[in-house]
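**Q** Assemble the whole structure, with the sequences as input and the hints as a guide.
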Amino acid sequence: MRFAVPVFPGSNCDVDCIKAVREVLDRPVDPVWHLEGKLDDYDAVILPGGFSYGDYLRSGSLARFSPVMEGVYEAAEKGKWVIGICNGFQILLEAGLLPGAMRVNDHLQFRCDIQKLRVENDRLPFTQDYGREEEIFLPIAHKEGNYYCDEETLSRLEQNGQVVFRYMGENPNGSVADIAGIVNEKGNVLGMMPHPERAVHAWMGSADGAKLFTSMLHDWRENGAA
Amino acid sequence: MQPNQTQSNTVAHREPTPEMIEKQQLYREVGLTEGEFRQVKGHLGRPPNWTELGIYSVMWSEHCSYKNSKPLLRRFPAEGPRVLQGPGEGAGAIDIGDGQAVVFKIESHNHPSAVEPFQGAATGVGGIIRDVFSMGARPVALLNSLRFGPLEQNRVRYLFGQAVAGIAHYGNVVGIPTVGGEVEFDSSYEGNPLVNAMCVGVLDHKDLQKGVASGIGNPVLYVGASTGRDGIHGATFASEELTENSEEKRPAVQAGDPFMEKLLLEACLELVNQGILIGVQDMGAAGLTCSSAEMAAKGNTGMDLDLDAVPQRETGMTPYEILLSESQERMLLVVEDGREREVKEVLDKWGLSSAVVGRVTDNRRYRICHRGEIVADIPVHTLVDDAPVLHRTGAEPEYYRRFAGVRPEKQMDPIHPQEALKRVLASPNVASKRWVYQQYDHMVRTSTAVRPGSDAAVIVLDGLDKALALSTDGNGRYVYLDPEQGGAIAVAESARNVVCSGAQPVGITDCLNFGSPEKPEVFWQLEGAVNGMSAACRELETPVVGGNVSLYNETQGEPIYPTPVVGMVGLVESRKHITTQSWKQEGDTLLLLGETFAELGGSEWQQTMNGEISGRPPQLDLSKEKRLQKTVLEAIRQGWVTSAHDLSAGGLAVALSESAIGGEQGANVELESDLDASVFLFSESQSRVLLSVSPDVAEEVGKLAASHGVPCTNIGRVGGEKLTIRLNGSTAVELTVKELSAIWEGAIPCAMNPSSTN
Amino acid sequence: MYKATIVVRLKPSVLDPQGNAVKGSLHSLGFEDVEEVRIGKTMEVWLDTSDSALASERVEAMCKKLLANPVIENYEYELEEGA
Amino acid sequence: MYKATIVVRLKPSVLDPQGNAVKGSLHSLGFEDVEEVRIGKTMEVWLDTSDSALASERVEAMCKKLLANPVIENYEYELEEGA
Ligand SMILES: Nc1ncnc2c1ncn2[C@@H]1O[C@H](COP(=O)(O)OP(=O)(O)O)[C@@H](O)[C@H]1O
Ligand SMILES: [Mg+2]
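If you read the sequences in order, they're chains A, B, C and D. By this note's numbering, the letter at position 177 of the first sequence is numbered 183, and the numbering carries on one by one without gaps. By this note's numbering, the letter at position 553 of the second sequence is numbered 557, and the numbering carries on one by one without gaps. By this note's numbering, the letter at position 67 of the third sequence is numbered 69, and the numbering carries on one by one without gaps. By this note's numbering, the letter at position 65 of the fourth sequence is numbered 67, and the numbering carries on one by one without gaps.
No lab work stands behind these hints: they were computed from the structure. Hints are supplied without guarantee of correctness; some may be wrong.
Stated by the list, open to error - So these bits of chain D aren't anywhere near chain B, every CB distance computed over 10 Å: (1) Gly-32; (2) Ser-52; (3) Glu-62; (4) Tyr-79; (5) Glu-80.
Said to hold, decoys possible - Derived lysine to aspartate or glutamate pairs resembling DMTMM-like cross-links, with alpha carbons at most 25 Å apart: (6) Lys-67/D x Glu-34/C; (7) Lys-25/C x Glu-176/A; (8) Lys-66/C x Glu-83/A; (9) Lys-43/C x Glu-38/D; (10) Lys-66/C x Glu-59/D; (11) Lys-580/B x Asp-466/B; (12) Lys-5/C x Glu-38/D; (13) Lys-13/D x Glu-80/C; (14) Lys-25/D x Asp-50/C; (15) Lys-13/C x Glu-78/C; (16) Lys-122/A x Glu-749/B; (17) Lys-43/D x Glu-80/C; (18) Lys-630/B x Glu-749/B; (19) Lys-25/C x Glu-78/D; (20) Lys-726/B x Glu-743/B; (21) Lys-580/B x Glu-704/B; (22) Lys-43/D x Glu-38/C; (23) Lys-66/D x Asp-35/C; (24) Lys-122/A x Glu-725/B; (25) Lys-25/C x Glu-34/D; (26) Lys-426/B x Asp-466/B; (27) Lys-5/D x Glu-46/C; (28) Lys-5/C x Glu-80/D; (29) Lys-302/B x Glu-522/B; (30) Lys-192/A x Asp-128/A; (31) Lys-25/D x Glu-743/B; (32) Lys-5/C x Glu-46/D; (33) Lys-348/B x Glu-274/B; (34) Lys-43/C x Glu-83/D; (35) Lys-437/B x Glu-194/B; (36) Lys-348/B x Glu-34/D; (37) Lys-5/D x Glu-34/C; (38) Lys-5/C x Glu-37/D; (39) Lys-25/A x Asp-469/B; (40) Lys-25/C x Asp-35/D.
Ideal Cβ positions, reconstructed from N, Cα and C, are used throughout, including at glycine.
**A** If you want it as structure tokens, here you go:
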């Protein structure tokens, strides 16, 4: 199983994602410069956090037009796994691969902390190693994580089990229905504000993110390449 | 060759002629004295034109030349077996073994932050990051040290809130974790806040870069943002007192673009990796002028610059403006002749514009060309090496004599210690700084092992078992009351913080924030502090490998508290030694290392209860301090210590509370002393550390301490929901950890949101 | 040369955290008569074109493609010649 | 009721990294004829007042005190009644 981590100018969690894949899964993983248009050689794509293009205009809005996004669309289309973490989630929203949009946090500040979450759907290739409604801790670090979608979209997300992670305790950004992460209808494109790659060893403050990576590997082993 | 004395036609009518400069004493306007102007004339053999005058004025400003502080800075120990690069480059470097070095420096952005706090603080962070990556190092951590007036004031809340947001914004976007720092509030900083930022990087020895221009004929490359009129005379601005007119100097404030910085950072490190660079320096204070002149002076060469090649984002800029602009996110590179293409490929990849703006020459002259004319022609070394040096003398201030007889412990109101603890914990100086650091991404790069909130932050190094412990510390109140003691304490405390995290202190960087050195009392503070810091650095074997001086921190003639800030770096030998201040295990034994005296001068207790400070600060015995630190580190390395917390502001009472809050459990503490309970609990005696250890090793730790001559007292055990402190059998404090936590966590958010009703 | 002034606003149905915060601050500064605040973006784009129909077509396309996010934002613009 | 539409812009001499980034993206999307982009804020403030002179005085004060940062920004506004 081979991972691609697209790197946009201004990405800054690319190295962290690469380290996490290596340290947790010991699988091949490559940074892919944003000018590459093809991701055919990969089974999974992780759009990393950071501030692609300085997050100018709207976060994720400028990165969406990078050539590598062609590869991302194609991967999503083919049913390969695509994860967008933080800025990666924002890019997926701007690109229309996930429904909704991101607003600035309701308190207007950047917020970095280790946040309690609940796994709302543990039947996905990204979450199968988590328990039912398992409560986990993952770091967050963002200023624009206030997820928005209209009511119709929300009820669709809820009904289809597309809400994957929800904030527990105080909602750190004001997102609708305490949403921290969602998946597309097909279940192969995941966007989440929390950073699983920052929680893969106990010394980091939590190791709860590791299961997200192991879930994918287990699914891949069971069901073969997508 | 004589530079054209009238300048190009377009600017001639706006810029004063050399005659006007001399006759009307216009050199005063750019901060040069009559004597300095005479020296300039001597160096040139003629009166300078306006451009040349501008160049001298910034190069000889305090900010670039340290003319007031140079003789004092020489007293700092700058050498040691680990020192790879001492003061003089963008940042200092210290060997950490395995062919690697840690590179770090602290810098102030006080005056810009007083005028435009968001951009001022943000660009301060930007500047220090460039200093570190221009050494060839990958920045791995940021810290900061902040001083503001009391939060009751609207304007202060605005300055503080915006400065924190600016620091957060810049570091977060570039993707360097901000892992630590400190904040204090005192009315002496009301009109002149302090914003000091520190950056720490790591490199392989072979990648260490220098800011030199060598190799005759080699091209000089300008990289990064284009040049605008922002920040002209920032260096001189930083070297002046803030006045009511400072707001009019707004053009002196720059705006930053952290996205551009991230691109510059990656591109420069890629160039370092390819080994193409001969010299690299960031365009910081005094912009193009300072970086190019310093590079030529260090290379013992000359430089020809063509200003028409400099990318500009405004039209009609004069040579004076182009040379002195402090537009952000720009670097100057000297590369091998013929390899421009390779360099450009890398820069293009990162979308950075670049231009060849000059050549290295062999004539040791600094020559500037604009629209086909030479507009400046100066012997290079006169800008750097011949900058004037002022030997000032200090005078002991009246207050210092007056305070000699004050005994704060005798003047205290009979406030119950529990009441006092509540008030001290709610003091914004002591209270949790979560409101600040939760705005900083402190986990990006996934190497932060100890996040903000403990004595020092700890960053692990990729692929190695080692780690770095980092802390910034300063104590303006102690330094005000006794500069020498205070200076020494700043070093000792930051070293103690690092030791409590499991590290061996290896070196410091410092930022000297003081008032006007022209005042003998202020100079006395500066000299005393430097002496105290130097002595502590010698004893603790932490050389000073770099730093920054910020003088003229005054408003309406009133200087700030003298505030040297120490940025300490420690080396953790093995990750298993990493220790934090929170209690871990119910039943653990609490050991207090060190001795407690009646020392409340300048303490948080005195400030909170009396609203002012007086007397003498705690006294530091360097040999005791060293033995204490040895004991703590050895005990940690033996694996005996479950938590370690140094005693500082608020003394034992606050240290116990913080360890309890962090560990979410209480303790039963039994103390015996001749001192009054409040004196014992809030004294800020130095060289003390609180340890928690498993009961079965308590005796071993005691023996170890005894072998170093360090007093070690068993003061109780961890456990329960309450923190109970008894002195000589009677209860001084009995509060639940929840209560303590609510007070301590709530203070700053509450102060920042005064109108909120929920 | 044409200058387009584009105003991008959050849709009325979307809560505006920034506007709310500014309203709160204005109230606490004594401007209690402020009923509501909405915050949007103004973008000035200079186009090297002398054809007004073309300019307007281009601006429309930019807004659709990039400058506004149709999920939460509306846009409108004005064109000015020779600015 | 008055509605004030306030436009806050960066002063011309202040770097606008956001505008530059957007310009770059527009170019790469094929809008090469874009010469410059500057991005500012539009704030709509509804005031519960029926006195136009008072409204304008209040808006002026808000801009000075909070809405614009005089160090790096300029502002201008329009008032509209009953909006
Ligand atoms: N400006 C700041 N930025 C980041 N972290 C901060 C800041 N101020 C305080 N902290 C963190 O809060 C904790 C407590 O700080 P402080 O009370 O100054 O500690 P100490 O007295 O041990 O030096 C430390 O971990 C420190 O790094
Ligand atoms: Mg401490």
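**Q** None of the hints should be skipped; say for each whether it holds.
**A** Checked hints:
The beta carbon of Gly-32/D is kept farther than 10 Å from every beta carbon of chain B, the shortest such distance being approximately 18 Å. No beta-carbon of chain B is positioned within 10 Å of the beta-carbon of Ser-52/D; the least distance is around 27 Å. With a cut of 10 Å on Cβ distances, Glu-62/D stays outside the contact zone with chain B, its closest approach being about 19 Å. Separation of Tyr-79/D from chain B is adequate, the least Cβ-Cβ distance of about 22 Å exceeding the 10 Å criterion.
Non-interface status of Glu-80/D relative to chain B is upheld: no Cβ of that chain comes within 10 Å, the nearest being about 27 Å off. Straight-line distance between C-alpha atoms of Lys-67/D and Glu-34/C comes to about 15 Å, which keeps the hinted pair within the 25 Å bound. In summary, the hint linking Lys-25/C to Glu-176/A is supported, as the alpha carbons are separated by about 23 Å, within the 25 Å threshold. Proximity of Lys-66/C to Glu-83/A is assessed by CA-CA distance (about 23 Å); at most 25 Å being required, the pair is judged to hold.
This hinted pair checks out: Lys-43/C and Glu-38/D have alpha carbons roughly 16 Å apart, not beyond 25 Å. For a cut-off of 25 Å, the pair hint linking Lys-66/C to Glu-59/D is broken: about 37 Å separates their Cα positions. For a cut-off of 25 Å, the pair hint linking Lys-580/B to Asp-466/B stands: about 15 Å separates their Cα positions. This hinted pair checks out: Lys-5/C and Glu-38/D have alpha carbons roughly 9 Å apart, not beyond 25 Å.
This hinted pair checks out: Lys-13/D and Glu-80/C have alpha carbons roughly 21 Å apart, not beyond 25 Å. For the hint linking Lys-25/D to Asp-50/C, the alpha-carbon distance of about 13 Å falls within 25 Å, and the restraint holds. Pair hint Lys-13/C plus Glu-78/C holds up; C-alpha atoms about 12 Å apart against a cutoff of 25 Å. For the proposed pair Lys-122/A and Glu-749/B, the alpha carbon gap of about 19 Å is at most 25 Å, so the pair holds.
Proximity of Lys-43/D to Glu-80/C is assessed by CA-CA distance (about 16 Å); at most 25 Å being required, the pair is judged to hold. Between Lys-630/B and Glu-749/B the CA atoms are separated by roughly 33 Å; this puts the pair beyond 25 Å, and the hint is violated. Proximity of Lys-25/C to Glu-78/D is assessed by CA-CA distance (about 19 Å); at most 25 Å being required, the pair is judged to hold. Taking the CA atoms of Lys-726/B and Glu-743/B, the gap is near 9 Å; set against the 25 Å cutoff, the hint holds.
The straight-line distance between the Cα atoms of Lys-580/B and Glu-704/B is roughly 19 Å, inside the 25 Å bound, and the hint therefore holds. A C-alpha spacing of about 16 Å is found between Lys-43/D and Glu-38/C, which places the hinted pair at or below 25 Å, so the restraint holds. Annotation: proposed proximity of Lys-66/D to Asp-35/C holds, straight-line Cα distance about 17 Å (limit 25 Å). For a cut-off of 25 Å, the pair hint linking Lys-122/A to Glu-725/B stands: about 23 Å separates their Cα positions.
Annotation: proposed proximity of Lys-25/C to Glu-34/D is violated, straight-line Cα distance about 39 Å (limit 25 Å). Pair hint Lys-426/B plus Asp-466/B does not hold up; C-alpha atoms about 42 Å apart against a cutoff of 25 Å. The suggested pairing of Lys-5/D with Glu-46/C holds, with an alpha-carbon distance near 22 Å, which does not exceed 25 Å. For the suggested pair Lys-5/C and Glu-80/D, the alpha carbons sit about 20 Å apart, so the restraint of at most 25 Å is met.
Restraint check for Lys-302/B and Glu-522/B: not satisfied, since their Cα atoms lie roughly 30 Å apart, outside the 25 Å limit. Only pairs whose Cα atoms come within 25 Å are accepted, and Lys-192/A paired with Asp-128/A is accepted, the gap being roughly 15 Å. Between Lys-25/D and Glu-743/B, the direct Cα distance comes to roughly 54 Å. Violation of the 25 Å bound is thereby established for this hinted pair. Note on Lys-5/C and Glu-46/D: the hinted pairing holds, with a Cα-Cα distance of about 22 Å set against a maximum of 25 Å.
Between Lys-348/B and Glu-274/B the CA atoms are separated by roughly 12 Å; this keeps the pair inside 25 Å, and the hint holds. Distance hint between Lys-43/C and Glu-83/D is fulfilled; the C-alpha atoms sit about 22 Å from each other, no more than 25 Å. As the CA atoms of Lys-437/B and Glu-194/B are separated by approximately 19 Å, the hinted pair is consistent with the 25 Å bound. This hinted pair checks out: Lys-348/B and Glu-34/D have alpha carbons roughly 23 Å apart, not beyond 25 Å.
Distance hint between Lys-5/D and Glu-34/C is fulfilled; the C-alpha atoms sit about 15 Å from each other, no more than 25 Å. Of the pairs offered as hints, the one joining Lys-5/C and Glu-37/D holds, with about 10 Å between alpha carbons and a cut-off of 25 Å not exceeded. Distance check on the hinted pair: Lys-25/A and Asp-469/B sit about 16 Å apart at the alpha-carbon level, within 25 Å; holds. For the hint pairing Lys-25/C with Asp-35/D, the CA-to-CA distance comes to about 39 Å; that exceeds 25 Å, so the pair is violated.
In this structure, the earlier hints numbered 10, 18, 25, 26, 29, 31, 40 are contradicted, and the remaining ones agree with it.
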